[in-house]
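Residue numbers (the working numbering), protein chains in the order written: chain A, 31 to 140; chain B, 7 to 119.
Keep in mind that the hints were calculated from the coordinates and are not lab data. Be careful, since some hints might not be right.
[Stated by the list, open to error] A few chain B residues that face chain A, going by a derived Cβ cut-off under 8 Å, partial list only:
| # | residue |
| --- | --- |
| 1 | P14 |
| 2 | Y16 |
| 3 | I44 |
| 4 | Q47 |
| 5 | Q54 |
| 6 | N58 |
| 7 | G59 |
| 8 | L66 |
| 9 | P67 |
| 10 | R70 |
| 11 | F71 |
| 12 | D92 |
| 13 | S93 |
| 14 | A94 |
| 15 | L97 |
By construction, the Cβ of each residue, glycine as well, lies at the ideal position given by its N, Cα and C atoms.
As a plain string of letters, each chain reads:
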Amino acid sequence: GIQVEQSPPDLILQEGANSTLRCNFSDSVNNLQWFHQNPWGQLINLFYIPSGTKQNGRLSATTVATERYSLLYISSSQTTDSGVYFCAVLSQGGSEKLVFGKGTKLTVNP
Amino acid sequence: EAGVAQSPRYKIIEKRQSVAFWCNPISGHATLYWYQQILGQGPKLLIQFQNNGVVDDSQLPKDRFSAERLKGVDSTLKIQPAKLEDSAVYLCASSLLSRTGYTFGSGTRLTVV
Numbered sequence: 031g032i033q034v035e036q037s038p039p040d041l042i043l044q045e046g047a048n049s050t051l052r053c054n055f056s057d058s059v060n061n062l063q064w065f066h067q068n069p070w071g072q073l074i075n076l077f078y079i080p081s082g083t084k085q086n087g088r089l090s091a092t093t094v095a096t097e098r099y100s101l102l103y104i105s106s107s108q109t110t111d112s113g114v115y116f117c118a119v120l121s122q123g124g125s126e127k128l129v130f131g132k133g134t135k136l137t138v139n140p
Numbered sequence: 007e008a009g010v011a012q013s014p015r016y017k018i019i020e021k022r023q024s025v026a027f028w029c030n031p032i033s034g035h036a037t038l039y040w041y042q043q044i045l046g047q048g049p050k051l052l053i054q055f056q057n058n059g060v061v062d063d064s065q066l067p068k069d070r071f072s073a074e075r076l077k078g079v080d081s082t083l084k085i086q087p088a089k090l091e092d093s094a095v096y097l098c099a100s101s102l103l104s105r106t107g108y109t110f111g112s113g114t115r116l117t118v119v
């Protein structure tokens, strides 16, 4: 099946710093989403981005489908950005299901 | 629009007991998913429904787990009997189509002691 790799596994920042999270995937995909899992376990959809670039406030994402990677940018980080960021892709062929990476755990210190 | 509703939020049971989780998807969403998330890992798909039919249950431990989606709306996931390794967060998600964005519920945190 499709493999999803996220890097780095852990990231510690000071408030105000910028960061880039990476997601590599092993096969063509129909869908790619970035999620933020808050300390209470809720998965919040950040971006639905199978290709191209999107921006939402301090967050932006870029997916280069032909090169099988996606990047999530966080600018001017805040303590509320802490949590785990997951990349998930929809595999093609057969039963389409969302396959998650292992996540990047972000800690933003004041 | 209302989100995906799940209950209960937390459940603690002893091993070998049974437990059931409930999910109400976003209105009109034909596809419903149950995911299991073990601490420190990404969510793993257990079962996918399209309306009230099962599309994929290849990773569902069928000797102890069962799920149904009556009338193509609400769904229940049951574990009987539970094992210690079933301790996890059980997430329900729905989507309009499999290729559109997924919305997740708040999850049920299960602890088996």
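Hint by hint, here is what the structure shows:
1. P14: 13 Å, violated
2. Y16: This hint is violated: Y16 of chain B lies away from chain A, its Cβ roughly 10 Å from the closest one there, beyond 8 Å.
3. I44: 11 Å, violated
4. Q47: Check passed: Cβ of Q47 of chain B comes within 6 Å of chain A, closer than 8 Å.
5. Q54: 6 Å, holds
6. N58: 16 Å, violated
7. G59: Given a least distance of 12 Å, the restraint on G59 of chain B is violated.
8. L66: Hint on L66 of chain B: violated, closest Cβ of chain A at ~12 Å, above 8 Å.
9. P67: This hint is violated: P67 of chain B lies away from chain A, its Cβ roughly 17 Å from the closest one there, beyond 8 Å.
10. R70: 21 Å, violated
11. F71: F71 of chain B check fails; min Cβ-Cβ to chain A is 16 Å, beyond 8 Å.
12. D92: 16 Å, violated
13. S93: Hint violated; S93 of chain B Cβ to chain A Cβ min 13 Å, cut 8 Å.
14. A94: At about 11 Å, which exceeds the 8 Å cut-off, the nearest Cβ of chain A leaves the hint on A94 of chain B violated.
15. L97: At about 7 Å, which falls below the 8 Å cut-off, the nearest Cβ of chain A leaves the hint on L97 of chain B intact, so it holds.
When each numbered hint is compared with the structure, violations occur for hints 1, 2, 3, 6, 7, 8, 9, 10, 11, 12, 13, 14.
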